[in-house]
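Given the sequences, and given the hints that come with them, work out the whole structure.
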Amino acid sequence: MTTMNKSDPNKQGWEQSDFPIVCETCLGENPYMRMTRQGYGRECKICTRPFTIFRWQPGKNMRYKKTEICQSCAKLKNACQTCMLDLEFGLPVQVRDRILNVSEDVPQSDVNREYFMQNAEKRLENGESYHDYSRADSAARETLKRMARKQPYYARNRAQLCSFFAKGECTRGDTCPYRHEMPKTEDEELAKQNFKDRYYGNNDPVANRMLNRLGEKNATSSLQPPADPTVTTLFLVGVTPDISQADLRQHFYVFGEIDSVVLSHAKKCAFVNFSFGRLTIKDALLKVAWGRPRKQGPQSELKQSGGGKDNQGSPVAQMPLPPGAANAKASYTSQDPTLLGSSRS
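Take the sequence shown: its letters are residues 1 to 345, numbered as in our numbering.
Read the hints as simulated data drawn from the structure, not as lab findings.
It is possible that some hints are incorrect.
Pairs of lysine-lysine residues, derived as DSS-like cross-links and limited to a Cα-Cα distance of at most 25 Å, are as follows [unchecked claim]:
{"id": "1", "residue 1": "K268", "residue 2": "K150"}
{"id": "2", "residue 1": "K75", "residue 2": "K122"}
{"id": "3", "residue 1": "K75", "residue 2": "K196"}
Per label pair, the in silico range of CB-to-CB distance [as the list claims (entries may be wrong)]:
{"id": "4", "residue 1": "N126", "residue 2": "T48", "range": "17 to 27 Å"}
{"id": "5", "residue 1": "P183", "residue 2": "S244", "range": "26 to 36 Å"}
{"id": "6", "residue 1": "K60", "residue 2": "K167", "range": "22 to 32 Å"}
{"id": "7", "residue 1": "K167", "residue 2": "Q16", "range": "38 to 48 Å"}
{"id": "8", "residue 1": "E169", "residue 2": "R146", "range": "39 to 49 Å"}
{"id": "9", "residue 1": "V262", "residue 2": "C176", "range": "50 to 60 Å"}
{"id": "10", "residue 1": "L161", "residue 2": "K267", "range": "33 to 43 Å"}
{"id": "11", "residue 1": "V111", "residue 2": "A159", "range": "49 to 59 Å"}
Keep in mind it's a predicted model, so treat the numbers as computed, not measured.
A virtual CB, placed ideally from N, CA and C, is assigned to each residue, including glycine.
Here you go:
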């Protein structure tokens, strides 16, 4: 049973809201749908506190959907109240937290969960986000963007399959609210989904499948140098008609000297032939890797401006003088119009 709010014994920590926090897919494509609201209609699947229930039909021949968790739990995970997927990328919470390297231990016992939710709600009321996902690694966010769907997947809102139709015993015909389709053979793990595993990101079968697929894709798509040093050709797939040989040369010339570029728009592919297969400058084999720039501060700005004792490494000190300006003094503008550098002749 849900306990009272410990900060105020006369106040119940129950939720009252006017509109749900749901993703675009769960909301549906019908802009004129009708939504019902019921205050304290059911307890949250996560924190077991009563909250406002919303129920609606996303579209024609779609199944009715309702909110499953309260808004406080949804805000903590930045997830939808219905499908409990991430609101920004539409991915399972386990996939998002694994790629962004975010770990959070939400207590699951009654007393600790109530105390945790009270502190979290205070931070949310003050406008503080529990997790700032915008400060995550840019490479990780790009990975999530590639995995996310570009458009809402409304097929997820379809009605469930009719079990009587699969047995050949359904007598409703077109009036049956369920789909008259034969079930497809899928993994048994996908049929064993529950709300808490999806919310906490523990052993979510959908997330595990996506992570395994991502690992296999990274393992196969990583471009490793060939063992044969004579291989100096890159094979490109997906070349569109608006890409020319000049575009390919302009993009790849920075990686080495190019012998030739073979382009086939009919097969949407191209071959870029390099002169050498390694990055070599003055007979020295170089290694290319990603690096972070040095943070700019007062000391670094002072060194770059030449304020230090040693000014040999400064780019200003090594900059050559213009032609004809050797041993010449620099002229500056003056307030006197008769002197050199003024705007009046």
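Quick rundown of the hints versus the structure:
1. K268 <-> K150: holds, 24 Å
2. K75 <-> K122: holds, 12 Å
3. K75 <-> K196: holds, 15 Å
4. N126 <-> T48: 17 to 27 Å: Check passed, 25 Å falls within 17 to 27 Å.
5. P183 <-> S244: 26 to 36 Å: Violated, at about 50 Å.
6. K60 <-> K167: 22 to 32 Å: At roughly 26 Å between Cβ atoms, K167 and K60 fall inside 22 to 32 Å, so the hint holds.
7. K167 <-> Q16: 38 to 48 Å: For K167 and Q16 the Cβ distance comes to about 45 Å; the hint holds.
8. E169 <-> R146: 39 to 49 Å: Once the Cβ atoms are compared, 45 Å apart, the range 39 to 49 Å for R146 and E169 holds.
9. V262 <-> C176: 50 to 60 Å: holds, 58 Å
10. L161 <-> K267: 33 to 43 Å: holds, 42 Å
11. V111 <-> A159: 49 to 59 Å: Violated - the Cβ-Cβ distance for V111 and A159, about 41 Å, lies outside 49 to 59 Å.
Hints 5, 11, counting from the list given before, are not met by this structure.
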